[in-house]
Each structure stands twice: as structure tokens, then as C-alpha cells.
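Undergrad: Each chain, letter by letter, is given below.
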Amino acid sequence: MAEGSNLEHLIEREYKAGFVTDVEQESLPPGLSEGVIREISRKKGEPDFMLEWRLQAYRHWLTLREPTWAHVHYPPVDFQAISYFSQPRKDKDRPKSLDEVDPKLLETYEKLGIPLREREMLAGVAVDAVFDSVSIGTTYKAKLAELGIIFCSFSEAVREHPELVRKYLGTVVPQSDNFYAALNSAVFSDGSFVYVPKGVRCPMELSTYFRINAANTGQFERTLIIADEGAQVSYLEGCTAPRRDENQLHAAVVELVALDNAKIKYSTVQNWYPGDEEGRGGIYNFVTKRGVCRGANSHISWTQVETGSAITWKYPSVILQGDNSVGEFYSVALTNNYQQADTGTKMVHIGRNTRSTIISKGISAGHGQNAYRGLVKVLKSAQGARNFTQCDSLLFGNRCGAHTFPYIEVKNRSAQVEHEATTSKISEDQLFYCMQRGLSREDAVSLIVNGFCKAVFKELPMEFAVEAQKLLGVSLEGAVG
Amino acid sequence: MSTVIDRSQADFHRLAGFLPGHQTPWIADLRARALARFAEQGYPTPREEAWKYTDLAPLAGKHFQPLATRDEVVARVAIDDYVLDPQWPRLVFIDGYHVPALSMLPAGVSLAPLAEVLAQSPDTIKPLFTASDEARGFAALNTAFMSDGLCLRLTPNVVLEQPIHFIHIAHGGARPAASYLRHLVLAGRGSRATLIEHYVGEGADAKAGALTSTMTQCVLEEGAALEHYQLNEQGLSVYHFSSVHVHQSRGSRYVSHNVQAGARIARSDLHAVLAEPGAQCVMNGLYFGRGRQIVDNCTFIDHQAPHCSSRQIYRGVLDGESRGVFNGHVMVRQDAQHTDAQQMNSNLLLSDDAEADARPQLTINADDVKCSHGATVGQLNEDALFYLRARGVAAERARAMLVQAFAADIVSHMSAERVRMHLDALIAARLGR
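Residue numbers (this note's numbering), protein chains in the order written: chain A, 1 to 481; chain B, 1 to 433.
Where hints are given, some of them may not hold.
Derived pair list, reagent style DSS-like, types lysine-lysine, alpha-carbon separation capped at 25 angstroms [said to hold, decoys possible]:
#: 1; chain 1: A; residue 1: K470; chain 2: A; residue 2: K346
#: 2; chain 1: A; residue 1: K454; chain 2: A; residue 2: K346
#: 3; chain 1: B; residue 1: K207; chain 2: A; residue 2: K380
#: 4; chain 1: A; residue 1: K454; chain 2: A; residue 2: K470
#: 5; chain 1: A; residue 1: K458; chain 2: A; residue 2: K470
#: 6; chain 1: A; residue 1: K167; chain 2: A; residue 2: K198
#: 7; chain 1: B; residue 1: K370; chain 2: A; residue 2: K454
#: 8; chain 1: A; residue 1: K346; chain 2: B; residue 2: K126
Listed next, the stretches of chain A that the computed footprint assigns to chain B, with coverage defined by at least 3 CB atoms under 8 angstroms from CB atoms of chain B [said to hold, decoys possible]:
#: 9; region: 147–157
#: 10; region: 182–195
#: 11; region: 316–325
Simulated from the structure, these hints should not be mistaken for laboratory data.
We put the beta carbon where it would ideally sit given N, CA and C, even for glycine.
Please construct the entire structure, taking both the sequences and the accompanying hints into account.
TA: Right, dumping it as C-alpha cells:
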């Protein structure tokens, strides 16, 4: 079968971002205890309230059990075998500018195709790159500072702007929210912090590249973005990780706060190591992302392209608290080989005339298992709430799975809630039509898949959209059913 | 919850010597095992995913006792209101037992009360009980206490022209009664029949209430066709739990019309296995909620073989402080290629305090399939109401017309005209106020 051999050929393709940069790491020994948390806090020079907050989370975490309800299967994670802190050396004399950054790190970014300086000059994107756990270079900071925008690493925010951190941290995702959020709250290493003051429209896309580098290091980012009244910001997050045989745990927490008339757009391209074709290795991506539209007329939009990770467990959600607030969720999730994804969103309508849109596209190939799990909840107070949900799945091959588990709970009669989902494969007719017009089978599939995902890609910022299409192509090329 | 378990065990010890089939060791064992399984957990709680939206706490303090024998049944009940067509063969049951005086059995069909079969020739139906030997919760309780029901066996190529009308009345005597009914339908190769299960009655009185638990097992052999109605119009103090298990062979067709219009808590489970190619399964559901009713529909369609199709349409009309739940799950197994499955749930909220919860689920493990599902929650179309009002139709009447139209999508698929008329009248009476 021609298609079969094509598929094999392409599936055998190695993970392109799979390499390890040889930088000495200063890590804590594996294991988790109050001592480890105190050590993390001390190393980062945090104020007391932060340490107390971490310890509170840790004590709560001890009372929790790992959730098992998701449609994913994996061997139990040994939380004592993970090292909870690692950072590149020379942390005492942090680089003040890119010139001081360890050239090896810069090389890593070069290999990944994200040359910081080039971006700085050409794309006008401010990049806050996280290499393992500590930020190593921040650009355009001065420019943003002029407008009063704070864009820095989380550790820096804790030191420089403790009042803001204290005011907002944990107000969207409390320490006790769930097992992984509690773990993250206890041990988070670093992440990004954004504050856009009243009435300011952030002039550029803010972006962070995450990269897990040291073997055996769970990375626990914490991101907090606050858009004050009338502010607007667009944030990009992209990830790749070197290949490795052992599973790595990644439990991030992202909190977004939008006040009156504010708008936050959060885009993710996730391409972490998915494991090999036998399902060995790969990242466990257990993430809690949530935004709250606290003010009237506020707007939060999540866009994600998930092609990596062995297991994805992720539900970027929006609490629509303010009247007339809007929540959006656009997602493309791809699972190939033995990847598993259980992803979706929660839209909780509290305010009057709140609106939400959910567009989810799942693609499964090989033995991939792809589940959409979502909740649309309309509370009694949400007069005139409106939701539209569409979840489509595309299947390649008869060993993969596509599942849809929506939950719809409506307590207000003036609400309009619609959900629809379809599952199909690429039809021979469509392929025939394209190939008849001179496209190769692969190009035809790529064209159709891109068409399938278009509703989501058009929500991504330009550079990201291009990258996402490429990524999807690489992950799927030739997997014609 | 331990009290519920204790009471069930006490009831069981009191009744075990009377329940049909008690002389047959395998039946006695089956009952005892089922009770043991129930005693492990008691009633299901909202912590279980399948019972997430239905809290059985109101049941915990109540003690519904099954009657020990047929003799305890109070037979003086007028059934005229419940008979949909006097020509139809019918079986009338009161509080879990068959009342021969009110029934009219057809000639030439193997149709008998289950109690009779369990007492006289239990081994002929033994294989049908293997599946229920794992169930928990209400299904286990039902197996432990099943007192009677209907046993319909269709020989190959038999075609029943008239529907069989089963009527169960929750009547209750001096105390709140529990009825545990078990029905068996064995449709032989190429046979064709219509079965109407009809549940009515208020229990002893509105305060005491009653509990009706019913389980139906249908086996459809090759090419068999069964149209299966379940009409629940029990009083608002009755707790109604029904579950249906269907096993379909090649080319068979099962059509369910499930109407839940009564009971304080009505829970309906429908589970169909499409085991061989070409099987067709249709599930139409219509549910009405008013007062503080909870109507919980749970369906599971298991596509195990290629070239099968399933259609599900569930529609809910929710008023008062009621809650309507649709929890539908379509599973397509790995080798079930060319499956065509559709699932749709729509809800109308008529009051500010009503709630609709929808959970349409797809689990798909084959690629060459056509599966879709959808769910909506909304209210009556303002434009349509305006149109009718502008033409001089009173507000109440306009609302009733629109609800009738909404329900028509389900009702119009029913082939028994008498049932359609009955439901139209029921909807009109509900909305006429």
C-alpha cells in the first residue's frame, strides 16, 4: 500500500528540535519537602509572603491525590524522583544584555530558529526567553517601561513589584485548585509577569520561549498577566524541548486578569517532545490555564496549537464575571504515534450578556488519542448569555481515537447555548479532486488539514500562524488514512 | 446511606422465601449476590460520574417496602384512563404484581408474567440473567427483589400486528410500596413487534409516594424489529428508575420512544449493543419537567460491529424548578468501521428556575465513520411568539403551540397513532394551565 509506506517513512522522521545543549546545571537533588521549597525560595531571594504562600500550597498538595478522570493512560509519576530546581550557572552575575548571555544558550535558540537578536530587529517582538527555570534575556524592556508596561520574569516581579504579585497571584487559580496547580504553587521556578496599566495598548506582541533542557527537571512555570482597565495585550508562548527517553513532568499555571474594557489574547504553540514512535519518553504536560474577565466589557481569548507532548492535560478557561464580557477558545490539537491529549476549555458565564465561542479541532493519527473535554456553565445571574461550541475531529488510521466529552449546564432561560461536533476522515473525493489538479497526495492532505484548522489559525498572530502550519505539516505529513 | 442498605437487607430476609423462583437455587443465588453488590455501595451518589446531576438524598430517609406476594395487591383500581386502545392486548400490573383480572392476553403468542416463568420453567430464561450479574446500584436492587414483569418470546418470523400494552400502576396500600419489575423480550429471527411500557399511579398518597424500579432486557436476533415505548406518567411523589439493555444481531432494528413526564425523580438508562453488522438503533426521547422534578436520561450506544447506524434525538421541556439531564454516550469500537452515528439533544427552558444539563459524548476508535452530535439549550423563539400574538393568538396558547411543535419532532416518529394522540393531549393539558 503506497499510503502505508508513506506513513511509515514520515513517522520515522526524527523530532527536529531533539538535541541537548551542554550547559552545566546547578540543580537541587531530586525530591520534594518543605526544605526543598525553602531552598527554592531562598535561592530566588523571595520575600517572606511568597515562601509562606508556597508552603501553604505544599501542605494542601499533600492532602490531594492525582486526578484520574482524564482519558489518558500513563504509569504513575514519582514526585520524589523529580528535581524541582535547576538553572544555568553564573546566576550571581546575571546578564544585563544579550551580549552577556552564554553563547551556548543563544546557539540553542539559533538551532530552534528563534534568533533573539534577529527578532529584536526584524520582527519587533519582545522576547522573554526562559531557559529551563530562569529568564536569561529580556528585550525591549526599556521601550515597554516607557509606557508603564511591566514585562519581566516572575522572580523579578516578586522582587520588584511584590504589591502587584500579592494582589493578583492565586486569585484566578487558587493554590488549592487542583493537584498540579497546588504542586506548581509550591515549587514554581519562574515564568513571566505582565502588567499593562490603565488605558495602555501594548504596542507589540509579547513572547516567551520555554525550553526544558536539563534531564530530570520538571519545569513549573507560573505566568501572571494583568490588563488593567482599558488595556490591551497579546501574549505568545511557544515551546520545544530536546529529545530524551525519560518522561518529564511539566505543570505550569497561567493566570490572566482582565479588568473593565481590557483585552488579553494568549496564544500558544506547543511542540514539546512527544515521545518516539513506540511511545517512549515525551513530556507530560499537565497545565492549568485560566483567565477571569473581572471587569465589564472585558475580553479574553485563548488560542492554542498543541502538537507536542506525550500527554497533554490542559483546559484554558475563562470566567466571565463582568457584564458583556467575552471569552474565546480556539484550539488545534494533534496526536500522532502514542500521544494522548485530553484538552478543552471551561466557560463559566456569571455576568449579564456574556458571550463565549469555542472552536476545537482535533486530529488523531497512528495510535494517538485525542479528547475534547469542555464545560459551558451558565449561572442564574447570566441573563442573555450566549455560547457557541464547535468541536471537529479528523481521524487518520483505524488505531487512533477521537473523543468528545462536553458538559453543558444552563440555569438561565434567556441563555442560548449550542454545541455541535463531528468526526470524520479526509474523504477520497476531496483527495481525488486535489490530486486531479496536480497536487501530490501529501500536499493535498496538507491543504485539506490546513483548511480544517483554518478557523483556529486565523486567530494566531502572523508569525505564529506560519510556524503552526509548518509544525502541523511536519507532525502529520503523509499520514493519509 | 447505611440505613438504606440495612433496610434492604432486612426486607430481603423477610421476603426471600416469597419472591418468585425462590425454590430454584440459581435464582436464589442470583438475588443474594445482587443484594451483596448493592450493599457494598447503596444508592449511587452524585460523586459517580453517571449520577453527577441527580442527587438521591431525598430518597435516603424513605422506606419503600416491596410487597411479599400477589395477594397483597389491592386490585380495585380503575384502569380506563390508562387504556390507550381497548383492542390492544394488555398486561396490567399493580405494585409489582400481575393482575390477571385486568389483563387481556393475546392468543398464539408466548407472553406471560415473569413470575410465572420463574416459578414454572426458570431454566428457559437462565442465560438472560448472566448480564445482570455484575450490575450495581438500582440494577442490583432490582435483581434482588424482582417480583414480576413481562416475558415476551417471539418465534422466528412472527409479526404482531397490535402493540402489547403493559401498564404498571403504583398504587400502594397502607404503606409506601416499592415495585421491582423485570421484563424480558426475546425477538426471534425476522420477528416484529411493538411493546408499550406504561407507568402510572401516585402511590399510596402524595406524601408517602412510591418507588418503581424497572429493568427491561431485549434480545433482537437477526432481522428482528422491535418498537419499544416507555411512557412514564407517574405522580410527582413517585421515584422512577428504569433501565433497558438491548442486544442487537445482524440487520435488526430497535426503536425506542422514551417519554418521561412524571415522577419526582425519573431516571432512565438505555444501553444498546450493536453486536453485528447492519444493526440499526433509534432512540427518541422526550422529557418534561415541572415543579421540583428531576428527569435524568442516560443512554449508551455501543457500536461493536461495522456498518451499523444509530440515531438519537432527545428533547426536553423544562418548567418550574425542574432539572433535565441528558447524558448520552456513543462508543465506536476499533473495528466498527462505516458506523453512522448521530446524537442530538435540545432543551427548552420555560422558567427562570429550571435547569438543563447536557452531556453528549462521543468515544471514537475507528477512522472511517460518520459521527456527529449536538446539544442546544434555549427558550421559545421570540419571533415565533410575536408572529402568533400578532395574529390574535393568546400568549398561553401561543406558547403551547410552540412547545407542541418542539415535541412534534419526537412524537411524529411514533408509529402508534393512539400514543401520539395521548401525548398531544398530555402536552396540551400540561401547558393549558
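Undergrad: Could you run down the list of hints and mark each one as holding or not?
TA: Hints, one by one, checked against the model:
no., hint, result
1, A:K470 to A:K346, "violated (29 angstroms)"
2, A:K454 to A:K346, "holds (22 angstroms)"
3, B:K207 to A:K380, "violated (30 angstroms)"
4, A:K454 to A:K470, "holds (13 angstroms)"
5, A:K458 to A:K470, "holds (14 angstroms)"
6, A:K167 to A:K198, "holds (16 angstroms)"
7, B:K370 to A:K454, "holds (21 angstroms)"
8, A:K346 to B:K126, "violated (48 angstroms)"
9, 147–157, "violated (count 0)"
10, 182–195, "violated (count 0)"
11, 316–325, "violated (count 0)"
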